[in-house]
Amino acid sequence: EAQVTQNPRYLITVTGKKLTVTCSQNMNHEYMSWYRQDPGLGLRQIYYSMNVEVTDKGDVPEGYKVSRKEKRNFPLILESPSPNQTSLYFCASSLIFQETQYFGPGTRLLVL
Amino acid sequence: EDQVTQSPEALRLQEGESSSLNCSYTVSGLRGLFWYRQDPGKGPEFLFTLYSAGEEKEKERLKATLTKKESFLHITAPKPEDSATYLCAVQAGGGADGLTFGKGTHLIIQP
Chain A
1 EAQVTQNPRY
11 LITVTGKKLT
21 VTCSQNMNHE
31 YMSWYRQDPG
41 LGLRQIYYSM
51 NVEVTDKGDV
61 PEGYKVSRKE
71 KRNFPLILES
81 PSPNQTSLYF
91 CASSLIFQET
101 QYFGPGTRLL
111 VL
Chain B
1 EDQVTQSPEA
11 LRLQEGESSS
21 LNCSYTVSGL
31 RGLFWYRQDP
41 GKGPEFLFTL
51 YSAGEEKEKE
61 RLKATLTKKE
71 SFLHITAPKP
81 EDSATYLCAV
91 QAGGGADGLT
101 FGKGTHLIIQ
111 P
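In the order they appear, the protein sequences are chains A and B.
The C-terminal residue of the first sequence carries number 112 in the working numbering, and the numbering is unbroken.
The C-terminal residue of the second sequence carries number 111 in the working numbering, and the numbering is unbroken.
Just so you know, the hints here were simulated from the structure itself, not pulled from any lab data.
Be aware that a few hints might be false.
[Unchecked claim] Not the full set, but computed from the structure, chain A residues with beta-carbon under 7 Å of chain B:
(1) PRO8
(2) TYR10
(3) THR13
(4) SER33
(5) LEU43
(6) TYR64
(7) GLY104
(8) GLY106
[Unchecked claim] Calculated cross-link-like contacts (lysine to aspartate or glutamate; reagent style DMTMM-like; alpha-carbon spacing at most 25 Å):
(9) B/LYS103 x A/ASP38
(10) B/LYS68 x B/GLU58
(11) B/LYS57 x A/GLU99
(12) B/LYS59 x A/GLU1
(13) A/LYS57 x B/ASP2
(14) B/LYS103 x B/GLU81
(15) B/LYS103 x A/GLU1
(16) B/LYS63 x A/GLU62
(17) B/LYS42 x A/ASP38
(18) A/LYS17 x A/ASP38
(19) A/LYS69 x A/ASP38
[To be verified] Partial pick of chain A residues on the chain B-facing surface, computed with a CB cut under 10 Å:
(20) GLN6
(21) ILE12
(22) TYR31
(23) TYR35
(24) GLN37
(25) GLY40
(26) LEU41
(27) GLN45
(28) GLY58
(29) ASP59
(30) GLY63
(31) CYS91
(32) THR100
(33) PHE103
(34) PRO105
Each residue gets a CB set at the ideal place from its N, CA and C atoms; glycine is no exception.
Use the sequences and the hints to build the structure in full.
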């Protein structure tokens, strides 16, 4: 089954404790992206990757890092999480840039 | 700056009562306009992509249309299972940015 998977689905952590949210797709897509969704603000792009070893900032990159060492994986790293990073995070992928994006199930993060 | 405005923010309909959701956009060179459906606690699910003014696409009770300034998602004879938040997004033709999303329309279909 073609899908985008994210882990963990739910995470509660404390300020400053480094964490990684994994994202994997099995569709051989080149383009991958991370979004956060907050009430009243909608979905906003954090980082994206056009292909392996090619990443760039989206609209709200502060406090986040990403890497793309393999085509299928695109982890999101929060090296020192803060409460304002409490949000619902989605990973998405598309075959190539600017084609239809397919979203993962989401990761709900609470930073205390 | 690309902007997407969806209206209404929320809509409550009776089962079978047809209506339309609006997505107005401002973008420099539209590459594509996307409609997604999102159920609570889940990721957006792709519905349609529209590329040029005048284009229409249909899927079951849903029909999406596109003009140069806005898109409509028409819902004909909706059922309770159509209840969800419907998201509109645009992709500009230039640059390498991702989708710019609207805030969505929360649709409730009452039996």
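So, going through the hints one by one against the coordinates:
1. With 7 Å as the threshold, the beta carbon of A/PRO8 stays out of range of chain B, its nearest partner Cβ sitting at about 14 Å, so the hint is violated.
2. Given hint, A/TYR10 at the interface with chain B, is violated; its Cβ is 10 Å from that chain's nearest Cβ, farther than 7 Å.
3. Because the smallest distance between the Cβ of A/THR13 and any Cβ of chain B comes to about 19 Å, over 7 Å, the interface hint for this residue is violated.
4. Interface hint status for A/SER33: upheld, as the beta-carbon distance to the closest one in chain B is roughly 5 Å, under 7 Å.
5. Among the interface hints, the one on A/LEU43 holds; its C-beta lies about 4 Å from the nearest C-beta in chain B, closer than the 7 Å criterion.
6. Hint status for A/TYR64 relative to chain B: violated, with the closest Cβ pair at about 14 Å, above 7 Å.
7. With a cut of 7 Å, the hint placing A/GLY104 at the interface with chain B holds, because the nearest CB-to-CB distance is about 5 Å.
8. Annotation: A/GLY106 was flagged as interfacial toward chain B, and the flag holds, the nearest CB pair being 5 Å apart, inside 7 Å.
9. About 10 Å separates the Cα atoms of B/LYS103 and A/ASP38, which keeps this hinted pair within 25 Å; it holds.
10. Our distance criterion of 25 Å between C-alpha atoms is met by B/LYS68 and B/GLU58, whose separation comes to about 19 Å.
11. Of the pairs offered as hints, the one joining B/LYS57 and A/GLU99 holds, with about 17 Å between alpha carbons and a cut-off of 25 Å not exceeded.
12. Between B/LYS59 and A/GLU1 the alpha-carbon distance is near 22 Å, which keeps this suggested pair within the 25 Å criterion.
13. Restraint check: the Cα-Cα separation between A/LYS57 and B/ASP2 comes to about 16 Å, which is no more than 25 Å; the hinted pair holds.
14. For the given pair, B/LYS103 sits about 21 Å from B/GLU81 by alpha-carbon distance, which is consistent with the 25 Å threshold.
15. For the suggested pair B/LYS103 and A/GLU1, the alpha carbons sit about 30 Å apart, so the restraint of at most 25 Å is broken.
16. Between B/LYS63 and A/GLU62, the direct Cα distance comes to roughly 38 Å. Violation of the 25 Å bound is thereby established for this hinted pair.
17. Among the hinted pairs, B/LYS42 with A/ASP38 is consistent with the structure: their alpha-carbon atoms are about 14 Å apart, no more than 25 Å.
18. At most 25 Å may separate the alpha-carbon atoms for a hinted pair to count; A/LYS17 and A/ASP38 meet this at roughly 22 Å.
19. Straight-line distance between C-alpha atoms of A/LYS69 and A/ASP38 comes to about 29 Å, which puts the hinted pair past the 25 Å bound.
20. The restraint placing A/GLN6 at the interface with chain B holds, with a minimum CB-CB distance near 8 Å, inside the 10 Å limit.
21. This hint is violated: A/ILE12 has a C-beta 16 Å from the nearest C-beta of chain B, more than the 10 Å allowed.
22. With its C-beta approaching chain B no nearer than about 9 Å, A/TYR31 sits inside the 10 Å limit, and its interface hint holds.
23. About 7 Å separates the beta-carbon of A/TYR35 from the nearest beta-carbon of chain B, less than 10 Å, and the hint is met.
24. Evaluation of the A/GLN37 hint against chain B yields a held restraint, the C-beta minimum of about 9 Å falling below 10 Å.
25. Annotation: interface hint on A/GLY40 holds; nearest CB of chain B at approximately 7 Å, less than 10 Å.
26. The interface hint given for A/LEU41 is met, as the beta carbon of that residue sits about 8 Å from the closest beta carbon of chain B, less than 10 Å.
27. Against a cut-off of 10 Å between C-beta atoms, the interface hint on A/GLN45 holds, since the closest Cβ of chain B lies about 4 Å away.
28. Evaluation of the A/GLY58 hint against chain B yields a held restraint, the C-beta minimum of about 6 Å falling below 10 Å.
29. Because the smallest distance between the Cβ of A/ASP59 and any Cβ of chain B comes to about 8 Å, under 10 Å, the interface hint for this residue holds.
30. With 10 Å as the threshold, the beta carbon of A/GLY63 stays out of range of chain B, its nearest partner Cβ sitting at about 18 Å, so the hint is violated.
31. Of the supplied interface hints, the one on A/CYS91 holds, with its beta-carbon coming within about 8 Å of a beta-carbon of chain B, less than 10 Å.
32. Nearest Cβ of chain B to the Cβ of A/THR100: about 5 Å, under the 10 Å cut. The hint holds.
33. About 4 Å separates the beta-carbon of A/PHE103 from the nearest beta-carbon of chain B, less than 10 Å, and the hint is met.
34. A least Cβ separation of about 5 Å between A/PRO105 and chain B falls short of the 10 Å threshold, and the interface hint therefore holds.
Hints 1, 2, 3, 6, 15, 16, 19, 21, 30, counting from the list given before, are not met by this structure.
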